[in-house]
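Let chain Y serve as the given structure and place chain P on it in line with the hints.
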Amino acid sequence: MLNLCALVIDDSRVMRSMVMKNLIAARLANFTFIEAEDGADALAKFDPAKIDICFVDWNMPNMTGVEFVRKARARGDTGLVPMIMVTSEKTMSKIEEALAEAGADAYICKPFTVDDLQGKLKKLLDKLANQLSAPTPAEGGFFSRLLG
Amino acid sequence: MAEIVLAPKAVFPEAIESAVRVAAMEFFGTYCGLELTELKTDPGDAPCAGIMGVISFFGDPIWSFAVVLPQATATTVAKKFAGFDIEFSSPDMGDLVGEMANVMAGEICSRLDARGMKCQMSLPTVARGHDVELLPPLESCCERLMFSSPDGRFWFKLVKAKSGFSGIRKSGQ
Chain Y
1 MLNLCALVID DSRVMRSMVM KNLIAARLAN FTFIEAEDGA DALAKFDPAK IDICFVDWNM
61 PNMTGVEFVR KARARGDTGL VPMIMVTSEK TMSKIEEALA EAGADAYICK PFTVDDLQGK
121 LKKLLDKLAN QLSAPTPAEG GFFSRLLG
Chain P
1 MAEIVLAPKA VFPEAIESAV RVAAMEFFGT YCGLELTELK TDPGDAPCAG IMGVISFFGD
61 PIWSFAVVLP QATATTVAKK FAGFDIEFSS PDMGDLVGEM ANVMAGEICS RLDARGMKCQ
121 MSLPTVARGH DVELLPPLES CCERLMFSSP DGRFWFKLVK AKSGFSGIRK SGQ
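Protein chains in written order, with our numbering: chain Y, 1 to 148; chain P, 1 to 173.
Take the hints with a grain of salt, since some may be wrong.
Capping the alpha-carbon separation at 20 Å, the derived lysine to any residue pairs in SDA-like fashion look like this [as the list claims (entries may be wrong)]: (1) P:Lys80 x Y:Cys109; (2) Y:Lys90 x P:Phe58; (3) Y:Lys90 x P:Asp131; (4) Y:Lys21 x Y:Thr113; (5) Y:Lys122 x Y:Ala25; (6) P:Lys79 x Y:Val114; (7) Y:Lys71 x Y:Ala25; (8) Y:Lys50 x Y:Lys90; (9) Y:Lys94 x P:Lys79; (10) Y:Lys71 x Y:Gly119; (11) Y:Lys90 x P:Lys40; (12) Y:Lys122 x Y:Lys94; (13) P:Lys118 x Y:Asp116; (14) Y:Lys94 x P:Ser149; (15) P:Lys162 x P:Ala114; (16) P:Lys79 x Y:Phe112; (17) Y:Lys94 x P:Gln120; (18) Y:Lys123 x Y:Asp105; (19) P:Lys79 x P:Lys118; (20) P:Lys40 x P:Leu158.
Hints were generated in silico from the structure; no laboratory data involved.
Okay, chain Y solo, but in the shape it has when bound (with noise of 0.2 Å):
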């Protein structure tokens, strides 16, 4: 199984405590996780080296969490970096907005199953894998420590 470093972005606790739990409970990889608690704390947080994927809520104070996929995805070093909408947002215009415009790779609508999840992660988390376990000099690190 994948060991992915997951960074986890709502500005609710209890909903990172769901996402987590649930993410654990859908068994796609081995988990270990970082917390933040906006955009903006999460572009602090944001280090592509050691993120494998983020699950960012919409609505969050200081920086939502479509401006924080935007502002990631302008680094330019974010290609790999799966970022995924966990949000009660849920019409056409605002799934158009991350996807299309701001550079979300999926959108999970909340509240969320196990099976939601895996639906929606296990194609995303396969190609993952293989973009990571690409036997490229540079990413010899990154293939080392999916591995574990």
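Using the frame of chain Y, we list chain P on its own:
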């Protein structure tokens, strides 16, 4: 003798009331495993300790809802939604009730959007206390939706701002 004519009671928009009703049924039914029954008359329960999550919607019209959970209901519903025990008096209870209001508000926005009623929702505000209630300002229109479940009663208070209200307070208002 002068005749006093009272203005007819304003009716809360049916589309909003319906969206709240469906969102409540779906949230508490699907994610808390509760079978809800809507109460058509107020059973007149004695005031009790409770917690309230409030979200405002900015569009046309501007309106707010409060989901109000008495203490006993809040504790059992919180466990069902979060999957772990949360003490009524803990900060996590406020966090969770805010999140529950947020999730239902997202569903309500989506349902209103599908009917052409665009709106933006606020971040949640939570209040805990005895006999907590959302008090409508004058000339606003309000409605109460009350539900009974195996885990106790809870209700929604819906408040719509009067026509022409922009949501921004100006000097003198």
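We went through each hint and held it up to the structure:
1. P:Lys80 x Y:Cys109: Holds - the C-alpha atoms of Cys109 of chain Y and Lys80 of chain P are around 18 Å apart, at most 20 Å.
2. Y:Lys90 x P:Phe58: holds, 16 Å
3. Y:Lys90 x P:Asp131: violated, 33 Å
4. Y:Lys21 x Y:Thr113: holds, 11 Å
5. Y:Lys122 x Y:Ala25: Holds, at roughly 13 Å.
6. P:Lys79 x Y:Val114: The given pair, whose Cα atoms are some 17 Å apart, holds under the 20 Å limit.
7. Y:Lys71 x Y:Ala25: violated, 30 Å
8. Y:Lys50 x Y:Lys90: violated, 30 Å
9. Y:Lys94 x P:Lys79: violated, 30 Å
10. Y:Lys71 x Y:Gly119: violated, 27 Å
11. Y:Lys90 x P:Lys40: Distance of about 30 Å is beyond 20 Å: violated.
12. Y:Lys122 x Y:Lys94: Distance of about 23 Å is beyond 20 Å: violated.
13. P:Lys118 x Y:Asp116: violated, 27 Å
14. Y:Lys94 x P:Ser149: This hinted pair is violated, its Cα atoms lying about 33 Å apart.
15. P:Lys162 x P:Ala114: violated, 24 Å
16. P:Lys79 x Y:Phe112: holds, 16 Å
17. Y:Lys94 x P:Gln120: holds, 11 Å
18. Y:Lys123 x Y:Asp105: Roughly 11 Å separates the two Cα atoms, so the pair holds.
19. P:Lys79 x P:Lys118: Measuring from Cα to Cα gives roughly 33 Å; hence the hint is violated.
20. P:Lys40 x P:Leu158: holds, 15 Å
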